[in-house]
Every structure is written in C-alpha cells, then in structure tokens.
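Top line first, the protein sequences correspond to chains A and B.
Residue numbers for the first sequence follow the working numbering, beginning at 1245 and rising by one.
Residue numbers for the second sequence follow the working numbering, beginning at 5 and rising by one.
Simulated from the structure, these hints should not be mistaken for lab results.
You may find that some hints are simply not true.
Just a few of them, taken from the derived set where beta-carbon distance is under 7 Å, the chain A residues facing chain B [said to hold, decoys possible]:
1. I1317
2. D1572
3. I1580
4. E1582
Built from N, CA and C at the ideal position, the CB exists for glycine as well.
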Amino acid sequence: MEIKYTPQDFKSNQEVKWCPGCGDHAILASVQRAMPEICESLNYTKERFVFVSGIGCSSRFPYYMDSYGFHGIHGRASAIATGVKVANPTLTVWQVTGDGDALAIGGNHFIHAIRKNIDINILLFNNQIYGLTKGQYSPTSKLGMITKTSPYGTVEHPFNPGALVLGSRGTFFARSIDVELKLTQDIMVQSAKHDGTAVTEILVNCVIFNDKTHAQVSDKESRADRTIVLKHGEPMIYGKDKDRGLVLDGNKIRSVIIGEKGITEKDLLVHDAEEENPGIHSMLIDMMYPELPVALGVIRAVKDKTYDDNVRDQVIDAREHAQIHNMDELLHSGAIWEVK
Amino acid sequence: MQHKVIDTKEVVIRFTGDSGDGMQLTGSLFADASALYGNEVSTFPDFPAEIRAPQGTVSGVSGFQVNIGSGEIRTPGDFCDVLVAMNPAALKANAKWAKPTASIILDSDTFDEKGIKKAGFKTDDPITELKLEDKHIIFAPITTLTKESLKDSGLDPKSIIRSKNIFTLGICYYMFNRPMDSTEEYLDKKFRKKPEVAAANKKALRDGFNYAGNVHAIPNTYKIQPAKLEKGIYRNINGNQATAWGLLAASEKSGIPLFCGSYPITPATSILEELALRKDLNVKTLQCEDEIAGICTSIGAAYAGNLAVTTTSGPGLSLKSEALGLAVMTELPIVVVNVQRGGPSTGIPTKTEQTDLNQALYGRNGECPIAIIAAHSPSHCFEAAFYSAKYALEHMMPVLLLTEGFLGNGSEPWKIPSMKDFPEIKAPVITESEEKPFWPFKRDSEKLARRWALPGTPGLEHRVGGLEKNNDGTVSSDPLVHERMVGERAEKVARLANYIPDLEVIGDSKGEVLVVGWGGTYGHLYTAVKELHSEGKSVSLAHFDYIFPLPKNTADVFSQFKKIIVCELNSGQFANYLRTQHQQFQYHQKNKVQGQPFIVKEIVDAVNAIL
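Chain A with its partners taken away, still in its complex shape (with noise of 0.2 Å):
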C-alpha cells in the first residue's frame, strides 16, 4: 500500500514559537516540503522518521514536526541520534542542531558521528550567533565581531562548518541559505538519499541579535551573483546573466567571465561531487564573497560503507558462525565443572 503524504501531514499541533522574521520558519517549510517526495521515492511512512535536537533556537524544530522526535541536551543530539539509528537502523534519522550547539559544545559528537559515518542528517543552522541566550557570539561568528560578549569585538577565528566535515572525513556536505527554500527542499531529498552522515549547513538569518549578517549574499538582488548553486556534472556557472564561471588556476579556483579573453564553457570546472578526493571539495566550501561566490548546493556526496551497516554485518555474520546462541549456553561456555 503505498501512502501519498502532503507537507501537512508533517506539521504538528504545536504552535511555531520562533520570532516572526526568524530564518528558522523557512527551513521548516522546506524541510516540510520535502518530507513527500522523500517518502515517495524511497518509500519511506511517516512513522519512520525521528527527529533528534540539541539546544539552542533551531533544537526546538522536533516539536513542530509530526514525526517521533526528541528534544536533547546541548550539545548531545549527534550522540542522541546515533544511538537512535544504530538500535534501529531502519529508522530514518534527522539531526537539528544550531552553530553553537554543534560546533561549541557539541564538536567532539559532531565530528564522531561524521567520522563514524553513522547514516544521519544532519541541519546545521547557522547564524552565527547565540540566540536562545540573547546574543553572544559562536565558534562561526566572524572576526571582530561585537556581541555581549565580545563588546571590543572577537578575536578568535570562525570554523567553517565544511572544512570540519572535510576534515572528519564527511561523505556528505550540502549548503544552503534560508531564504533558498526550493534549494533547501532539494537537498533535503538529496541528503535522505545519501547513505552515511549528511550534513547541510543552512545560513540562516536572525532578526533580533544578528540581522542581517549573511545579507550580502542572501539579499535577493545581488545573490545570484554572490553565490553559485553546485550541480553534480554540471560546468560551475553562475551569476545573473549567467555569464560567470569557475575554473581552476593553477592550485586555486578563480572566477571568469564567460566569452573574455577566450574563455568558453569547456574552459569551466564540472562540478563532480562524487569524486573522493576532497581536494576541489575543499576549495568550494572555502570561497566566499567578495573574492569568489559562495557555494550553496550538494558539494560532497561519497559512497562508502555507514556504521549502521557494517554493525548490521558483522551482527548477522556474528549469528551466522555462532558457538553461542542463548544465555544457558554462554553460562556453560569456558573452564567448567562439576562438584557431585
């Protein structure tokens, strides 16, 4: 029996309770949005689906989805969600975690999960700031930023949620912005369908303690040109017009536009987000605005093995070849004896 599901059958009787004008609305819609298509091509039911949270302003989605779902502790949702999975790895597993929540005090379980490979999804909504405790700055504020906590500014350097992917060894790493509610959507599918850690990092805007602060590549006007939308086997264009491309200069990427100085469409990088080697991966998730665009779009999706797998495996390996199959059996195994 196959089940149709509209984005309604995933909202949940809960009242939405972030600020209005909050980023978080948007990526609710489109994660709601992608929950029929997910369904239907992998025919996947509803019940099937827990969603995991931290702490933190975005760790609250769970409640507004109609799904299995379970609110954490800071910090903790990846360990959460891992358990989930591998107890039951026919469960279809999805992560909500914030800047602070995954890369502050979370890092150890974010980058353990990803190495693990363990076959999660992971949103990562970053704004670049604290939010549920008013406005001190995170591990992706930028530089000199001024917050309550900073009031002279930061001095410590953001991490770049990608590179940390990179550096676990992610086979997955998709990127978006809040207001791109079609691409968020997309790679929602895309990352249900990847099997290991698939983390999207969604740049999100707060209204209240961080207008603004990806604006200049999210205001509608001039994003086109301020960010490229990655598409596996396709030539990396971009731009209004469509005129601006990518190619690689020597051990840099650098942009072009198409038509000056020779430059035509074979000249451009093709976007191969299978390729294993993390090298042009890496240089994507690097660039940013104003030197080059910033990369939104499925950057990495490798094939390998998941954890749930390989325990799985070595589970119905372990049955297969068994001297012991019950608690009596292990009892009598080894040195015993008998005193009559």
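Fit chain B to the supplied structure of chain A, relying on the hints for placement.
For chain B alone, coordinates are given in the frame of chain A:
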C-alpha cells in the same frame, strides 16, 4: 629436612612482582586451578595505575591475592600464608601482608645490589631490614632456573625471562598439590598459533613443579580438600563479566536487544569488552568518543526500543550527570553501571572504594531521584545487573548499578544458574493507544510507569525531551504541572520499594549489635559477623543490595537491635543517608578510605568496641 604435608582448611597466597612480571595472570591461573580442584576461592587483584612503572621500584609492584579453602570462603583473606615476591620491591611493598607464620618465596636472582637499591632499601639485607628473620624464606634462583629450563626452547632471551612467572606457578602447584592440567590447557589455547611458546611455558611449569619437589627447600606442602559445595555445575566468574552477563540475561528474558554505549575507563572497561564479544547474542556495542556520548547514545537507543546500558567509573559518572537527568525526564529505561574506584578526580583509579554513593544519590541538577542497586560479590553482579535491567524496563526509568573495583576484578567460583529460574521481564511496549494523539507521559496506576511507544509504530508519533512536559507531552512551564510531574517521577522511584525483596538478616533477627553494610564489603562483614557469633556474641548482619529506595522492612529490622554500626569504604555516606531516611535510630560507624577493602579484624574490633 623432613617434608610434611599439612592438611589445612584455608590458605592465602599473595603473588607479587613488577607490573611486567605477569602476576595477575599467575594469580588467576592458580585461582582457576584451585576452583577446578573444588576449593572455594576468592581473589583480589591489587595493581598500580601505571602499565609499566619504572622497573624494580615499589610504585610498579603488582599483586594478586588468592584465598582457597575447603570451607566457606567469602574474602580474599586479610594476611597471607605464602608470599611470592619476584623482586626486592615486591617484598618491600608486601611484607606487611605476610602472617607471622608465613613462607616467603623470593627470586634470589633479583636480590642483587642494584635491585635492592632500586627498591629503596637502606641496607643490603632486606630480610633483616623488614624484620622477616622469623619467617620461612625460600630463596630460589627463579630467573636462572627459568633460563636453564628454556635454553633449548628456541625462544628469544626476552621471552624466556618472561616465562619465569609460569616457573614460579609450578613451584606453587607443588607446594599446594594442585593439578596442572587446567593451566596446561590454558597455555595450549592461548598460544594456539605459537605452539613453541605453549610448549616452552608448559616445560617451565613442570620444571618449576619438579624443582620444588627436588630441592627440599620447601619444608611443608599443603593439602586443601575440596569444599563441600552445593551440587551443580560451577565456573569461575569475575564481577565485570558477571555484570555483562546479567545484562545479557535480561536482554534474553525481555526479548529486547541489548545496546551498550561506553567509553573505556578503569576499572569498568572489561564490561564493554565482554559485551563487544557477544554479537552472536545480537548485542550492539558502541565505543564512544567520550562518557557523555556513552550515555547519550544509550538514551537514543532506549528511545528507539533497545535495552540500553552505559558502563563507567566515578569520574565518568560525573560526566554523565546531565544526561542522567535527561533519562529521568524522558522516563527511558537505561542501566548505568558505575564500577567505583578511589576518588575524587582521577584519585587512585585501580583501587577500590565506595565513595560514589553520594554522587549516585544526589549528583544531578533539579529534583532527580534515580533507583540505585548495589552488587555485593563478584558473582552477585550477575543478579544485580539482571534486576537493574528488569526494573529499568518494567518501571520505565534509569537504574544506577553500583559495583566496585574490588568486585569487578575479583573472582569466585559460581554455581551456574539456569535461565529458567529467572523471572520474566515485561516492558510496557505498546503498538496502539486509545487517546489520539498519543500521550507519552500517561502512567499506569501501580508502578506509575509510562508506556513505551517505539519509533516506527504508526499513529504513536510523539516528542520527548529535557523540557518539562505535561502528561500529554506538551511543553509546559506551568508551576503546578511542574510540581505534579516532579512528584510523579519521585513517586515512581519510591514505589519500586513494592517490588524489591525485603532486607534479610544474617544471624539472629534480634540482638545487641546489627552490622549494616552495602555493596562489596559483604564478604568481609559476613566473615567478621560469623567470627563474632562463633565467640557467642549477639551480632547479626544486614547487608543492603537495594539502596534507593530502601527495602520497606528496613526500620523493622533496625528496631530489633540495641546498636547499629554502619561499615563502609567511605567516610560515612550510607550512614548519613540512613540518618535522613530513618532518623529514629542512632548509627555507629566504621569507615575506611584507603582504596583497600576492609580487613576482617577491623570489623571485629569495631563491633567489639561498642558491644
């Protein structure tokens, strides 16, 4: 010299040497051989935290004490009849444990000027310096003899010297008339892929045995008749293995797969190692990035429907505190095993203590009661772990199981139970509910347990989490809802008292002094109380396996005695807890915080002082 065979009921042997000398193995092989022979056995491994501390120094000395007997053996013994010291440092560190009548076997090759100096002796005569002149000292050139024994074995010189522990074991087998077949079997199995190593070790064992028989340096050998044990099939088991197996047993009885998320920590690690072996029984183990991930993966696994456990020791429990609160709040069944060690902080990690009781009782934010169960002997860890899991699953709450390094590493023969003698475990898993949408925190009226709706079940979608919620699962900061939910969670734990067994009294149920203990001190307290009783003194023992909640008859038991003395390996944590729970009684205390188990005499003296 006239050779005598002494029939004796009980003998304590202490094997000591450098931490690289293989004393733990030597001791456990001796214990296994004795158990197989039919003796009652209790062991006490006592080793340093350093894997290989500077060779020949006192800080690197590792010991393993075995008590074997033909009667009831409940402790590894206070002082030893035979001390084996593989070097001067081992002698220096352990001479204090030798009985006045003890024999001491020394590797004379190590008692050269360098060795004696390294051990920190002030003179060149350790025997006089330690005032051991009265003891029977057996100087055996063990290193030289082992080299001679294995010179044609084909082993390299390093491996040959490494076999001197097995040569020593041979000497002990002669001394105690032990059969060697179980050890030979072990060596064959361990070195299956290196038959030349197995052969060499077996030769060293036999040569040690024959040496002892030939040289007449050993005046007496001992015969310890098999104990009159209850009929049945027996095996040796240590506490950590028993804990792991108790959890497996609960998984089998409940039909719920076992998940263990843990981080290695002394002295708890071997529980994780044991469970990792059992993929054949459908166990999933996850070695996590840290202690917090250990408990959080377990909480996730419990949410997804597994019997989830995490194993740790004191400092690890501190790290898990916040997540323990989450398990209380989400009302999920997890078992947290704390194999206690000497604290605070890193403390003395390889030594035993009962100093985490306060942490177990109170170490969380908010009002956050957790059921606490304690194991009282190595083999009892099996039952304690089984019931921890049973109560966690049936009452939908975390249960904290306290064991101790002394129990985890210690071993004893154990009459193998049959799984059919253990009760069923019925977790409140549901596949549908009357109310729509499902209320995750609706409770049954007796246990107050909530129902377990597993992800993947259609129609029961719900959210849990650390925020306070109403019974229907909606987030609420309503003052009255909070107060009611705090009360319901506490009452759920309190009602466990309706399901646990009554407190038993060992000895007369009425009298002068009641010795009260909990956890791993059981063997020592039992032995002390028996000794006092045999002297005609009115002393009984009440030993607690259930710490929180306490058994319902606790006050009834206490009220039958004129005096109560609480004996524990901390500064009085259980005594203080009893003062809060049963204020009407006066509690005497006997405490010890040395990272070492009690000595029976300490308890006897403490009781005599208040009699």
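Hints versus structure:
| no. | hint | result |
| --- | --- | --- |
| 1 | I1317 | holds (5 Å) |
| 2 | D1572 | holds (5 Å) |
| 3 | I1580 | holds (5 Å) |
| 4 | E1582 | holds (5 Å) |
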